[in-house]
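J.: Got two chains here, separate frames each, mind docking them using the hints?
The listed protein sequences correspond, in order, to chains A and B.
Position one of the first sequence corresponds to residue 0 (numbering that gives the first Met the number 0), numbered consecutively onward.
Position one of the second sequence corresponds to residue 0 (numbering that gives the first Met the number 0), numbered consecutively onward.
Worth flagging that the hints you see were computed from the coordinates, not collected in a lab.
Among these hints, one or two may not hold up.
Heads up, simulated EDC-like pairs for lysine to aspartate or glutamate below, C-alpha to C-alpha not over 16 Å straight-line [as the list claims (entries may be wrong)]:
1. K111/A to E335/A
2. K9/B to E341/A
3. K415/A to E341/A
4. K111/A to D258/A
5. K91/B to D339/A
6. K91/B to D258/A
7. K91/B to E341/A
8. K33/A to D2/A
9. K290/A to E476/A
10. K113/A to E59/A
11. K290/A to D248/A
12. K95/A to E335/A
Which bits of chain A does chain B cover? Going by a derived footprint, with three or more residues having C-beta under 8 Å, they are [what the hints assert, rightly or not]:
13. 9-21
14. 46-60
15. 128-136
16. 367-379
17. 414-420
Being a predicted model, the structure only gives us computed values, none of them experimental.
Positions of the beta carbon are idealized from the N, C-alpha and C atoms, including for glycine.
If you want the building blocks of each chain, they are given just below.
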Amino acid sequence: MSDESVFGMSVSALQTMLRERSVSSVELTQVFLKRIAAVNESLNAVVTVCADQALEQAQEADATISRGEHQSLTGIPILHKDIFCTQGVRTTCGSKMLEDFVPAYDATVVTKMKAEGAIMLGKCNMDEFAMGSSNETSYFGTVKNPWNLDCVPGGSSGGSAAAVSAGMAPLVTGTDTGGSIRQPASLCGLTGLKPTYGRVSRLGIIAFASSLDQAGPMAHTAEDCAIALSAMSGIDPGDSTSADIPVPDFHSALDTQIDGLRIGLPREFFNESLDDAVRERVMAALAELEKAGAVLVDIDLPHSHYAIATYYVIAPAEASANLARYDGVRFGYRCEAPTDLEDLYLRSRSEGFGEEVQRRILVGTYALSAGFYDAYFNKAQQVRRVITEDFHRAFEQVDVIAGPSAPGVAFPFGAKQVDPVAMYMEDIYTLAVNLAGLPGLSAPAGLIDGMPVGIQLIGKPFDEQTILNAAHRLQTETDFHMARPTLQGLAS
Amino acid sequence: MSVTPSDIEKVALLARLAIAETDLPDVTERFSRVLSLVNELNTIDTHGVIPMSNPHDMEQRLREDSVAHPSDREALMATAPAQQDGYFLVPKVID
Chain A
0 MSDESVFGMS VSALQTMLRE RSVSSVELTQ VFLKRIAAVN ESLNAVVTVC ADQALEQAQE
60 ADATISRGEH QSLTGIPILH KDIFCTQGVR TTCGSKMLED FVPAYDATVV TKMKAEGAIM
120 LGKCNMDEFA MGSSNETSYF GTVKNPWNLD CVPGGSSGGS AAAVSAGMAP LVTGTDTGGS
180 IRQPASLCGL TGLKPTYGRV SRLGIIAFAS SLDQAGPMAH TAEDCAIALS AMSGIDPGDS
240 TSADIPVPDF HSALDTQIDG LRIGLPREFF NESLDDAVRE RVMAALAELE KAGAVLVDID
300 LPHSHYAIAT YYVIAPAEAS ANLARYDGVR FGYRCEAPTD LEDLYLRSRS EGFGEEVQRR
360 ILVGTYALSA GFYDAYFNKA QQVRRVITED FHRAFEQVDV IAGPSAPGVA FPFGAKQVDP
420 VAMYMEDIYT LAVNLAGLPG LSAPAGLIDG MPVGIQLIGK PFDEQTILNA AHRLQTETDF
480 HMARPTLQGL AS
Chain B
0 MSVTPSDIEK VALLARLAIA ETDLPDVTER FSRVLSLVNE LNTIDTHGVI PMSNPHDMEQ
60 RLREDSVAHP SDREALMATA PAQQDGYFLV PKVID
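The following block holds chain B by itself, in its conformation from the complex (with noise of 0.2 Å):
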């Protein structure tokens, strides 16, 4: 299975990046060296293998549901780009 530029492009806005048009090209080409070496998966026979996620097989903990770790929020915001009054700033969304 190969790539056109135009999944690539499908595939980058999903990801949020912009591939500028004349890299599309050298971008499409070196995807599809990757997929082609991951492609090797479809050789072998996983047919009711249970996927693994977690190399020991763990289950997810649960913490006692109790007030903890408060977080400083002023020191968190203030690695923000962008603030004003405690909020994120980003550009007008609704007109």
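With the rest of the complex left out, here is chain A (with noise of 0.2 Å):
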């Protein structure tokens, strides 16, 4: 095994050499943690590395797999977005605020693929608080993608994407409240699948915009989202929102026939203002759909343009509730020297939080104080329930709805960081799916220039299974996921 074959390898490729015993998971470890070492310097990728603690894991994954056992994840390597919380283990979530924050407990979904077998290689860097689509708002500095280290990730979860794509780690998790597994996932060329809301526990991820988070992972390939999902989901007692739904073995239940399989393609997202190139590469992968049976039938979404306008209200308005934790008191960030409580309020916030994380609270605020609630947050759930209803009358007609992932590749640094409301427009084709609380997916569709575009498939409510099965499908129909970065310059 040479360490370069692995890098590039997905959880079920590594998964059978380690069950055949052909390679261990402390080889794995130690090939991974070296890549980090080779990498991470001129990525920025990963925040917080824990190599004695994932070659202990490592170990113990060795002895379980001698035993003739395994569990999902046993021996696999992970990174997880510094979003979740890890016990014992720094967790910053991107931001000043919480740069120095230990929490006390492991968030569900990292208890629940620790005890599947996945080895915990450390933690990456995300936008602050997970707000951002280029990763540019992280206190700890940007993340570059690999596949052009002048251009971004992808955010919020970029840390995640640009560690996958780059070899650190062949499975991570991410958090997807707008967008941000799937748009990071089409930048960087990978598959990344946000589930339907309620279908992981939200305990011990730091909360953003609680009707909207949903922790999904990002890997290579469908299949690969497939085993890792079946690991992360389940209702948690301490998750009033989690789905009391039982949870599928969603790899055993992979099925590429989708013969009659109906993929609505929503007038709205294929309309004028899509980028060309980007048209080109998603319709190509519908085309491959299409050709193994499935058939496309063109729907109407008519409301999906005022999802931009909704969630900036009801994301923001949530955030600036979950935010009013941070005050210096009990845990996170605190001024020098306050002169009394007030001062030590504004002063620990104001310098514990950057640029985008103020606006938002600002914002949010704004649209839930006196006078404003109801133009404001009660007309955007108002305009959230016409949205979702959209989706439940087109899925009347169809089984998945097919669109773009982001209206265009990896886009250089600085480039929309001025105006925020361009850098809002990254999540067009992702937002309404969280409104809505459906599963979606973005998977690879091939390369414009040199740069990853993805396909985004969205479901219906709880049915992940369906969008992984045709992800799944179109996988094994082409090799549009199997493109990787050559890191020239870079890689040892």
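T.: Pasting the structure below:
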């Protein structure tokens, strides 16, 4: 086994090697730790490495495997987005506010993946409090896109995406409040899945917008996402919004038979504002699915253009409430020498939060304040229902809805930083899915001038299986998901 | 509807954020851009539509009212920036 051969491998391939004992978990862990040490200085995708802890876990995994036993992720090295609380391991959420925060407990996702035998190599960089689409708002510096170091990896799970793309881990966790798994997956050439709202427990995930936040996997293949999704999912007494719905074994249920699958193409996603090169790639992927037996149907989501306005009221409003907890008293950053309690609050918060986070807190506070609540927050919640009902109507005609994951390929640093609204447009195809609580997946659909672009597949509530099946079939017909960045002049 | 720097100062105080005088024009300008984006909501009639706070309209699930989930007080207190004798420390509130 050469180190190089392992970097781009899928979880399922590594699982086979581990179970056949052709490689040990300790060896794999060492290889990936070495890879992180070699490329992370240039990419800045990982903010904390847990080498000793990972090697200890890997030894336990090897002992398990040598007894002839295994769980779904036994011995597989992974990275977590730094939004997941990890007991005893610093959890920053990309913010100065939590620069030194060491949680007293694990997020349920972390607990579950640990119980399934996954090895935690460390924590991934991200946009501050998951607010951003380029990873440029992180207090810990920007993450470089492995496909082009002058470009962003997307966000907010940009560190997670760059890490898999550059071979630092075969599987990572992300969170998606408005597109934060699917857009970076698209920009870095990965498969990323945002599950149905309620599928995965939010306990221990640092809260951004509680009615929209969902955690999900990012990996090279849909098959790997299926393996990880079963490991992450399930009802949790610690999250009253987690769904009391059985979790299928998404992996063993993967079915490449998609004959007669009805795929809806919303006219609103494929109108004249869609970039021609993106359209060409998305349609090429759809043509493959059509060849495999799927039926393409034009549909309407007549209110989808309201998604941005709706999202940028609801998400900031929920964020302003969630982020009220950072007061400089109980945990997180505290300003130097406060003169009184008011000064402590004001300075701790304005020194601890970055610009984008403060802007969203302001917008959310405004939308919830007396006199504006009805015009903004209540109104946005009404429009949210209208947008959601569009989807429900569309799903009476089709099984899956397809579209682009992002308006274009990765863009250069600074390109969208001055105008917040320009950055918000990055999520124009993903936001509505969060508002409606639906599962959405981005899968690679080829390259545009050497940079990856994704196709988005949206499913019915709690029907992740169907979009995983379609993506898996796409990946048996094409090799879009096999493309890897060369990392020229960087990797050892 | 546009906002003025003094509107922003009022909202900032509600949010317990201090905005430097020199940053105020920029903050106001960028805030206004976001506000004009969301003002698109005024163009849709939602008369009679029930606001949606959970995408599946799920009911709040209640648990058994029993003692559970003991929290580790010391471990949780350990994350506080300033503490003493099991209390969080804050600047003097009452003279």
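J.: Does each hint hold? Answer for all of them.
T.: Structure-based check of all given hints:
no.	hint	verdict
1	K111/A to E335/A	violated, 39 Å
2	K9/B to E341/A	holds, 15 Å
3	K415/A to E341/A	violated, 35 Å
4	K111/A to D258/A	violated, 35 Å
5	K91/B to D339/A	holds, 7 Å
6	K91/B to D258/A	violated, 71 Å
7	K91/B to E341/A	holds, 11 Å
8	K33/A to D2/A	holds, 9 Å
9	K290/A to E476/A	holds, 10 Å
10	K113/A to E59/A	holds, 11 Å
11	K290/A to D248/A	violated, 27 Å
12	K95/A to E335/A	holds, 14 Å
13	9-21	violated (count 0)
14	46-60	violated (count 0)
15	128-136	violated (count 0)
16	367-379	holds (count 6)
17	414-420	holds (count 3)
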